[in-house]
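Please build the complete structure, drawing on both the sequences and the hints.
Respectively, the protein sequence lines represent chains A and B.
If you use this note's numbering, the first sequence closes out at 205, no skipped numbers anywhere.
If you use this note's numbering, the second sequence closes out at 718, no skipped numbers anywhere.
Derived by calculation from the structure, the hints in this document are not laboratory data.
Computed from a predicted model, the values in this text were never measured in an experiment.
Glycine is no exception: its CB is placed at the ideal position from the N, C-alpha and C atoms.
Fair warning: there could be bad hints in the mix.
Reference excerpt, derived from the structure (chain B facing chain A, CB under 8 Å, subset only) [said to hold, decoys possible]:
1) F29
2) V32
3) F33
4) E36
5) R66
6) H69
7) S70
8) K72
9) G73
10) G74
11) G76
12) T77
13) F78
Taking lysine-lysine pairs in the DSS-like style, the calculated list, with each CA pair at most 25 Å apart, reads [to be verified]:
14) A:K142 x B:K50
15) B:K99 x A:K175
16) A:K142 x B:K99
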Amino acid sequence: MAKTILAIDDSTSIRQMVAFTLKGAGYEVVEAVDGEDGLNKAKAKPFNLVLTDQNMPKMDGITLIKSLRAMPQYKNTPILVLTTEAGDTMKSQGKAAGATGWLVKPFDPQKLMDVVKKVIG
Amino acid sequence: MTVDMSQFYEVFFEEAAEHLASMESLLLKLDINAPDPDELNAVFRAAHSIKGGSGTFGFTDMTGVTHILENLLDKIRKGELALRQEMIDVFLEAGDVLKGQLDAHRSGGAGVDETTVAHVCAVLAQLASEDTAPVAAPPPSVTPRQGRTRFHLAFKRVAKAKLENLLRELAGNGDLKVQEESGNENLSIMLDTSLSETDLLEMIQYVVSLKQVVLATGEIDPTEFAREAFGFFEGNPGAPEEAPVAEEGDGFGLFISPAELKSQQEADDGFGLFDDAPGMEQIKQVAAAAPSKPLAAAPGKTPMPTATNAEGSSIRVSVEKVDQLINLVGELVITQAMLAQTTANVDPALYEVLLNSVSQLERNTRDLQESVMSIRMMPISFVFSRFPRVVRDVATKLGKQVELRTIGEGTELDKGLIEKIADPLTHLVRNSLDHGIETPEKRIAAGKDPKGTLTLRASHQGGNIVIEVSDDGGGLSRERILAKAKEKDIPVSDSITDQEVWLLIFAPGFSTAEVVTDVSGRGVGMDVVKRNIEGMGGRVELDSKTGVGTTVTIRLPLTLAILDGMSVAVGDEIFIIPLNYIIESLQPAERDVKTVASEGRVVNVRGEYLPLMALHSLFNIKPKTRDPSKGILVVIESDGAKAALLVDELVGQHQVVIKSLETNFRKVRGISAATIMGDGKVALILDMAALVRMARG
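See below:
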């Protein structure tokens, strides 16, 4: 059975690219347009991996991760932050919120696949 | 796996264009003294999204500009810098530059002048570096200018185009000196800049992979590149003592242990994992398990179709598809009308069920047609949204204070009309700003608020959309227009009404501006506006009071696909006259029709002599009657001129689906389009403007 990934980004083009790449690799991908939407979709069903943008309207990535970690079913789910800033502030914030790792934008589809494969196989 | 990125370009273009538009409108709304943090955030996010997208899809020139833009926005958003008017100005300029770059990528256009790009970048960078202490850097070998750091950068195997972009960005941020160009797209440069090392790297990273860069605040050791693939930033926190040879590039097969993952996080491969973070448990499992084995820890195995969850509440569809749909519905309407006509003659008692179904079909067809038409409808805010910027720019240029008010932005009209109405409206707005609204001094002298008001108002009235452009300026001057008319040899009677005087400004080549400015008043204008709007089947009216203001009213049909028309019969033919041109229909008395030597026939309608044109002679048809007193005269008006058309009889009033004659046949003088009637026959739609011109000679 295909593994499911929740991809959250407010940019349609990035979201489509991510979804297209991962679907092409045989994952099931559900898209969400911002943190709030992502949280609702995450509540509706469990995922094997959550990929989230950091900077989004309504709810940002860090807040989303904190909210997810507070839910028992997402306690151990890998969560990756897609971010344009790879500074230390972001890293410590991400880590404190409970993210599993980060991936710096811009990234190409190959790198995304490599990372996802490493994380959930 | 290779993914063709170009399939996402169109989405990115649309998205970026939307972000640029929202950025502009937000910027124009910002209160400089007390900017709303939410709005600042939204502006920042727009720039940020464009940066992320353009970087991912390889439009590096846009990335460069947005990066610097974002830097400055970030500082303002965080309260490190105070927002100033000049910042808004340069933000808007940057928005224009990005728009230009976007258009260039989209349509292969000319792109943006490089000096403009460099200038905007330089101003942005300079604003961003103000007031904030430059990041302390190791003492440079040669002292650059105060507050600046000298970086040495070497690039390896960077594509020429990328390199050019990058160098342009860098040049906008400091003094750039190319030290060595060793061919093969290798390059070493020296840069004195106020940017911090982190900022610099972040900027570079958007254009080229950091693997291709070596950066140092001192001289570069030429052997640095020996280590290939990985770049090091000397003195950067977290730089590895020795770069681990990662499995990157293999992409699959080996699952490395979390410990290795950890070491990899600093390998500057653009991603990393927090070792002890939640989720690592699973990675360890994955690392231990065979790649194909499903994740045991993953809760649930719910087979969930993704499609149900996929997108939000709207979809993007190409205009051609919608047009095709509209076309098909048009055909359906015709078919339905044919069916209705055929069944009109059957015995209602015998065919009751059939007749019921036919009338139900008629209702459903009409509903379907309306809903399909509504797909093409867009709110007029798409046009109105450009005006805050226009008003701001023009008012600043002219030294006037103007407040723009827009009312009824949600009013919808056909997409085709939206595109066509933009230019005429812009012209009217510029005219109002230039000639209508007075300078603050003049306004104060006239006892008005120094700040003028320009109002754009849209509303539906019947089957029309009405757009008003009104200002509270000086109004039109009757004397000046009449004087100008005399100068231009336009014949005017002495008893001319104000309404008629105002119409004069729509005459070709008419401009009363005392000074020809670069904003408007080049003598082309109102006549073009009028012609454009009439080309859309609309009308322009103008109302003005000296000292109080001017209002221009545009009336447009809601759509270009359907027309309200009167069908008239001439012999065996049916013609359609667009309803909004018809003033009245009458049967003249014999004595009212007179033949004037060399001018053909005229008809006296309540004291007004109108040229009489017989449709049968124009189109060479054998009519039922050639005598006007036995047929019907339809009085029409176009361009303020009237004429009377002689037809055999009036048949009825219909909504007709417009079919282009040019695409299906060829252009015919006096005919604007065709339609298909209920009986399946083609009826021609008359071109009123052309007919009136013909009648008037």
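Quick rundown of the hints versus the structure:
1. With 8 Å as the threshold, the beta carbon of F29 of chain B comes within range of chain A, its nearest partner Cβ sitting at about 5 Å, so the hint holds.
2. Given the 8 Å rule on beta carbons, the hint for V32 of chain B holds: about 4 Å separates it from the nearest Cβ of chain A.
3. The interface hint given for F33 of chain B holds, since its Cβ lies 4 Å from the closest Cβ of chain A, which is under the 8 Å cut-off.
4. About 5 Å separates the beta-carbon of E36 of chain B from the nearest beta-carbon of chain A, less than 8 Å, and the hint is met.
5. Hint on R66 of chain B holds. Least Cβ distance to chain A is approximately 6 Å, under the 8 Å limit.
6. With its C-beta approaching chain A no nearer than about 5 Å, H69 of chain B sits inside the 8 Å limit, and its interface hint holds.
7. At its closest, the beta carbon of S70 of chain B sits 5 Å from a beta carbon of chain A; the interface hint therefore holds under the 8 Å criterion.
8. About 6 Å separates the beta-carbon of K72 of chain B from the nearest beta-carbon of chain A, less than 8 Å, and the hint is met.
9. Taken as an interface hint, G73 of chain B checks out: its beta carbon lies about 5 Å from the nearest beta carbon of chain A, inside 8 Å.
10. Hint status for G74 of chain B relative to chain A: holds, with the closest Cβ pair at about 5 Å, below 8 Å.
11. For G76 of chain B, the suggested interface contact is upheld, since its CB lies about 3 Å from the closest CB of chain A, less than 8 Å.
12. For T77 of chain B, the suggested interface contact is upheld, since its CB lies about 4 Å from the closest CB of chain A, less than 8 Å.
13. With its C-beta approaching chain A no nearer than about 7 Å, F78 of chain B sits inside the 8 Å limit, and its interface hint holds.
14. Pair hint K142 of chain A plus K50 of chain B holds up; C-alpha atoms about 21 Å apart against a cutoff of 25 Å.
15. Using a Cα cut-off of 25 Å, the hinted pair K99 of chain B and K175 of chain A holds, with the two alpha carbons roughly 19 Å apart.
16. Distance check on the hinted pair: K142 of chain A and K99 of chain B sit about 18 Å apart at the alpha-carbon level, within 25 Å; holds.
In summary, the structure agrees with every hint in the numbered list given earlier.
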